[in-house]
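6 protein chains.
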Amino acid sequence: MMRLSPPGYSKFAQANSFELVYGGGEANVAISCAYLGMKAAHVTRFPDNALGKAATQFLRKHWLSTEHVFYGDKMMGKYFLEKGAVHRPSEVIYEREGSSFSLIEPSMINWEDVLKDADWFHWTGITPAISEGAAMSCLDAIKTANRMGITVSGDINSRKNMWHYRKSMQEIMPDLVKNCDIVITSSRGIREMFGLCSPDDKFKTCAKRLMDTFPKIKKVAKKTRKSVSASHQRIKGKMWNGKKYVKTDFLNITHVIDRVGTGDAFASGLIYGLLHYKNDMQALNFATAACALKHTVPGDVNVVSIENVINLMEGDTSGAIKR
Amino acid sequence: MMRLSPPGYSKFAQANSFELVYGGGEANVAISCAYLGMKAAHVTRFPDNALGKAATQFLRKHWLSTEHVFYGDKMMGKYFLEKGAVHRPSEVIYEREGSSFSLIEPSMINWEDVLKDADWFHWTGITPAISEGAAMSCLDAIKTANRMGITVSGDINSRKNMWHYRKSMQEIMPDLVKNCDIVITSSRGIREMFGLCSPDDKFKTCAKRLMDTFPKIKKVAKKTRKSVSASHQRIKGKMWNGKKYVKTDFLNITHVIDRVGTGDAFASGLIYGLLHYKNDMQALNFATAACALKHTVPGDVNVVSIENVINLMEGDTSGAIKR
Amino acid sequence: MMRLSPPGYSKFAQANSFELVYGGGEANVAISCAYLGMKAAHVTRFPDNALGKAATQFLRKHWLSTEHVFYGDKMMGKYFLEKGAVHRPSEVIYEREGSSFSLIEPSMINWEDVLKDADWFHWTGITPAISEGAAMSCLDAIKTANRMGITVSGDINSRKNMWHYRKSMQEIMPDLVKNCDIVITSSRGIREMFGLCSPDDKFKTCAKRLMDTFPKIKKVAKKTRKSVSASHQRIKGKMWNGKKYVKTDFLNITHVIDRVGTGDAFASGLIYGLLHYKNDMQALNFATAACALKHTVPGDVNVVSIENVINLMEGDTSGAIKR
Amino acid sequence: MMRLSPPGYSKFAQANSFELVYGGGEANVAISCAYLGMKAAHVTRFPDNALGKAATQFLRKHWLSTEHVFYGDKMMGKYFLEKGAVHRPSEVIYEREGSSFSLIEPSMINWEDVLKDADWFHWTGITPAISEGAAMSCLDAIKTANRMGITVSGDINSRKNMWHYRKSMQEIMPDLVKNCDIVITSSRGIREMFGLCSPDDKFKTCAKRLMDTFPKIKKVAKKTRKSVSASHQRIKGKMWNGKKYVKTDFLNITHVIDRVGTGDAFASGLIYGLLHYKNDMQALNFATAACALKHTVPGDVNVVSIENVINLMEGDTSGAIKR
Amino acid sequence: MMRLSPPGYSKFAQANSFELVYGGGEANVAISCAYLGMKAAHVTRFPDNALGKAATQFLRKHWLSTEHVFYGDKMMGKYFLEKGAVHRPSEVIYEREGSSFSLIEPSMINWEDVLKDADWFHWTGITPAISEGAAMSCLDAIKTANRMGITVSGDINSRKNMWHYRKSMQEIMPDLVKNCDIVITSSRGIREMFGLCSPDDKFKTCAKRLMDTFPKIKKVAKKTRKSVSASHQRIKGKMWNGKKYVKTDFLNITHVIDRVGTGDAFASGLIYGLLHYKNDMQALNFATAACALKHTVPGDVNVVSIENVINLMEGDTSGAIKR
Amino acid sequence: MMRLSPPGYSKFAQANSFELVYGGGEANVAISCAYLGMKAAHVTRFPDNALGKAATQFLRKHWLSTEHVFYGDKMMGKYFLEKGAVHRPSEVIYEREGSSFSLIEPSMINWEDVLKDADWFHWTGITPAISEGAAMSCLDAIKTANRMGITVSGDINSRKNMWHYRKSMQEIMPDLVKNCDIVITSSRGIREMFGLCSPDDKFKTCAKRLMDTFPKIKKVAKKTRKSVSASHQRIKGKMWNGKKYVKTDFLNITHVIDRVGTGDAFASGLIYGLLHYKNDMQALNFATAACALKHTVPGDVNVVSIENVINLMEGDTSGAIKR
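Protein chains in written order, with our numbering: chain A, 1 to 323; chain B, 1 to 323; chain C, 1 to 323; chain D, 1 to 323; chain E, 1 to 323; chain F, 1 to 323.
Since the hints were derived computationally from the structure, they do not count as laboratory data.
It cannot be assumed that every hint is accurate.
Identical chains share a label here; the pair holds if one copy fits it or two copies do between them.
Stated by the list, open to error - Capping the alpha-carbon separation at 20 Å, the derived lysine to aspartate or glutamate pairs in DMTMM-like fashion look like this:
id, residue 1, residue 2
1, K322, E105
2, K236, D258
3, K244, D212
4, K78, E97
5, K74, E97
6, K78, D48
7, K322, E307
8, K322, E97
Please put together the full structure from these sequences, using the hints given.
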């Protein structure tokens, strides 16, 4: 998606220009993975015009392979972001309806071809919410990945008010989730999407129920956010791996630069962590540190290095100058 | 419409921000009228969110009355403008489909109320091309204006490729045009919309045929543009008033700053001219001077004063500093 | 007034451009009222040139009625603002002497006409300090408002060093204040302007004395500011209504974006609160929340919505993203 | 003076920021002289605040000695510049009334001290127009320079509408001009200020009359400007030296970047030329080339090198890249 | 190379920021080829730090394959560009000494691997001028390309003052040129590098001599530039193909936006033309149109589409808006 | 050095422009001294081109005398600064190798002439690390200053990894330090450069040993930095004067704007303090307050006034607006 934001802390009513970057769940995760040194590609559909090309160029600049970007129709999905501060919330206006991506259909993508060199496939809960075509394409991808023995991770929130087509979240989600290896979600997500727990249940309980219901799932993780204010956030990670419940300490981001994409930074950190550490605690620490660092980087994507993440994960919170 | 353009002469592929203004045929005409000292209002429909409010604020800032701006649905119509130079054309990408304006319906507007203090109603050919609802609302307005004795002017180009709904340009346009007092259009427009002339016919001939066909029309005017290059344009005005054919000399805009909205500047100049000069030649000279000046003003709207226009109309092309 | 500020945290010595907005006590209050949904107009005098027009356009953009803006003379009042941080104070340089506003005379304004549809008239203590003509115009307005049964509020600080004409603050202020319904001022103000209390007296005592002296006054309010640093401010509201002394908790603005105009945000919040809540405690809470939010908005004016204020007033300090 | 201009070709009504530079007749000449390699100082009076300091810093940055900048009072003289294009004129709004410079008095400056190392003193006709104090200070300087054997040049236009104090241009100017060695002025200037010629007289005739009247004057020069449009200017130089009338060819500035300060560039070019060339024709060619180049440099001051000027003076109009 | 330029027409002395793009002969050609739809890669050596990575990201964004970018040492080659206008020349300051690229050695690159999927290899005369290591690497590449049957083109100017190492231009160049298929150079180049013609010889004569001397060369082409001023350039193409001498009409770029990289645009246009047209005249027309268009695009690289070039090549110089 | 930084909090990978200022240890100290009201000059060597001139102009703008700036060779020393936040470190990339300054030789400077009006000479440990020529020039200056009875201060860190020439830090430093009156350094510096203490020794012990070894030294001072995060720093000062050990309280910079140059601000504050206060405690308090304030000023140099420093030194940490 094209992200358009008034400069600095200006409100929409004060904007005379928009800063332009691109972002969106899966793209953010892919780019963050690329900055962590992994080879990554993004599969999407952009309008067949200069704006679609520019979006692709953004992905290329940030190290992604873009051979699986498809073009068609005319509207770029967009979101407008007004950045908040302290008690004033950030405000987001989406314009996704009718976008080239929302008009995607399973027939447009040959997933066997797309995934032929892949080890990992990641999707987010935004995709199936956008349109039935997007949901079916996502299901197609997951099933193909399963067939090809590729690990599948899904980052699924419950965004009830996003679902506007004839099928409901509750109808669509189980099919997608049951074939995942790793799921990132919250207690509320597990409750609202699958009805597996009650508001009183803790995350560990909900995660267990999810894994009992969908036995292919190996790990259920989440980040817990405490919003002290728009300018000050606290983050911790939690994970249930079927045997052990691990959680990190809180990381304290006292001067938020850009809070968008922090969940995607957590997801890409988790992918890196699970691939590179044997220990789930370390993987989760890595994911949480990556998430915390994203709060200090403008834009949607986590332009930080492995060294940055490892330093923070190992406890260096000083931010001391690197010469 | 929201207008988003890369800064300076950057191409879409090079943009990291967009300059933001608002524009669109009728709004441009209304604002230009306001700068010429006339009281003007804009009737439109914007999304019911902060972006719709910001668009309204733009209109207010440029002196319009906005009490007849309606709100509903969620998408702001947009266009992206990449500014060309010399042999490199400007490029425009429209995103109008699904906009709040395109979803307008006649039932949303009580034109008698809207027009109760008006002397003049102006519309452009873009509006009926956007959607059937927009076309029917426009027809409603014209008929109400007729009933209320309000002068009606229409600026109609033949943009065949804009018509995407079940009725064609040829079906819709006659009903709209036959109730107009003043029409701005080209020979090609008269040919393609009404089949009234052939490619070999001159403007005067086409204009006569149009007035013969639709006897309510009192004047048919056009501006002739000669595009020496994207950076150098030449403009002259022509008008047939049923009796006399008047035309101006060419004005030579050797260093174009912003070519968008120059047709609207011509229309508002013509409205001013016809209201303030008895002589059609003077009115046309005023309109052409206003049009030429717009080429030197960034944005869609013609932020120039009557003094500027009169000076140029009277032959002062020197642009000498005003202290 | 035109407000010119170096970008970001640059000092005057480092500026190569100035950001341009407009502001000033009464204009700030009026605009903030407009954003809270009230119909508001600003009465002032601007230079009769393109800068005076641009200032008017700023007011229009921010929803004010500007039919009572008068034009004359040639100088726009100005202030230059260098934004501080932590231990470095913001610095303000005023250029008000000789401005079109300072040359205002009572004869220029027909207050009966201006106030004919008004329910409320608000003025600040800056106006009478600027010139005798401004003071007399203000007095005229207050008396007319009284005659017409319009509520009058005044926000009066003691800015001794602003008074440069032949009458002193102590001579002018009592006449203005005695006809007010609502007064916003501090203990120091009551002491220095009216000699009604001593440095040891608390706000409640001072407020009582003020109401005893000027019995038309119904409520005396103030905000208390604790400046932890230029980047961190704490705010609470206090009010004496003749019967009860109410005060709010401190709101803690840990990352100040723009501290200017926060007093005006308090005033407009108080006007809204007193008009919409029966309970003075709620009115004061609303005013204090509005004031706190202004610290997070760039510029002089409080571009926030009622929803923002109510959320904060009801205790939601999280600044969580609004999608 | 502080110069504030909307970015690019924006009009005042469209500005959200101002670009900030400093300029003004004598300062422009001094800085241009410094860029041509001469040691130069500027004598002026700035407000005693951070803006006055910043103005001084601008002069220092551009190589001037600023030990004779005096500080006092509070207002910086200003002008607002809206840049025109083609048929749209640039517009300038001055705010000089009440500035620290306008409040200058002869007693504030010890000219013997100021001029102790000087070879040349230059003044412009703006200074005596601003206030009687400025006029008297200027007269003081000229007389002191005469006494000390320092060459005096004056660049005097007839800006009738600038004179607002109790003495007229016609009363003040002769005293100032009669002690000059070099005068830059136009036929109109000689006519309006001294009544020495009629509208039909050519420059040579007017210049002769001026030198007959004021025999200390050794050369009278002018530049002739033909404003094809705001974007295209043509410049030529003329000079009468008591014996010979020399004039240059037209230089053709087809793409004007900034037309302000071009007269000052001519003056500084003339000073350089007269000091470094024996031949008046060469001196005038140098001055005219310097003037032409200034049209291509943003801001008030002529930031070009001697090499640039000599190249153009010698006929290289190609602007070919210098690597 | 990193290209740093003051914004707009500011001079170095006026810059407070630099606009940042990347460029350099071969990179420009490769990117322009990519925009024309060809698959292209750039082979170079960047510093092993975040700036080297950022340069690579620029190449990726503009569609290049970057798998043959090598990293080592610490300094990024740079040039500073001050943009001229009319009679004021652009000025370029190079900082290439000690750059990672200048320290390249033949042993660092396995050209067989690099060229394994290539059809065409292009080099410029800048590379061998930079250092002996660069010259030897270039020679290595050319010989390998010859061996592999890959077409080789070289764009060679005579930049005598660039050669600072122990071997001269005259010693190095013949070895490089004799193995080329296509050479772009000027009469002066042929004279100064190879001593094959005299100042009086026309291009056709010089080109013939070059092909006689180095019989592998099949075509010798050049563009002729007439610099009317820094803002107005005229361009025509010439080519000798051993049998026929073809040349185009002049294209007239009346409003130059950025003149840098126009030679590289010609080269890439020629590569495209020779690959896609049978007719040398058409190929040369395509190259010249591409070159002319580059003058209207900011930055070093020719971000235009084939459609743009073909339109101009077919005579449409109107720059009419593309909607 | 030229300092190039991406705007705001952008990372190198996200930069499309660089903000440009100049800085470097000794220049920073000199400019900060000038802002504190002292007359200061900077002695350095810049490239003989427009960039070298622009650097000089920066120094002049910030009040330095630049008559002892020498020009030669072609490369400006540079550093690229990416600003960090919270846990994300700032990153600095230096390009000093081959700079005009690094090629300085003692024979280029006549120190007796340079220092003829000086009271104080300050150098930093960066200079001798850059090249042997720079080290020898520095030694020359110190010895000349000693001969002329000028106080010498040195601010020396141990930057082992900067030393790349044939002499080591341990060989060079003692000669430079033994002739200083005031030394600013850390325990680690004293240990690594002179081997005079062990990691367990406190600053007081190390400072004593240094003064025992080099008896000309009268005071050894340091600032202690506690980096809570990149956005939050705590600073305190310490000094041993041979008799007494003084130290300040921590100053708490909760919202860092620019952390670069804070050590230089401490040094210039110390110079001012020692010259203006009799009491070492006050001098150190002044230095520490100056250092703290620099964290709130963008750029390398401490553009604050004496009043700012004294206010903070006297305990006013409120940052309350100064009108």
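Results of checking the hints against the structure:
no.	hint	verdict
1	K322 to E105	neither (47 Å within a copy, 30 Å between copies)
2	K236 to D258	within (18 Å within a copy, 29 Å between copies)
3	K244 to D212	within (15 Å within a copy, 61 Å between copies)
4	K78 to E97	both (9 Å within a copy, 14 Å between copies)
5	K74 to E97	both (12 Å within a copy, 9 Å between copies)
6	K78 to D48	both (15 Å within a copy, 17 Å between copies)
7	K322 to E307	within (11 Å within a copy, 33 Å between copies)
8	K322 to E97	between (44 Å within a copy, 19 Å between copies)
Of the hints listed earlier, the one the structure fails to meet is number 1.
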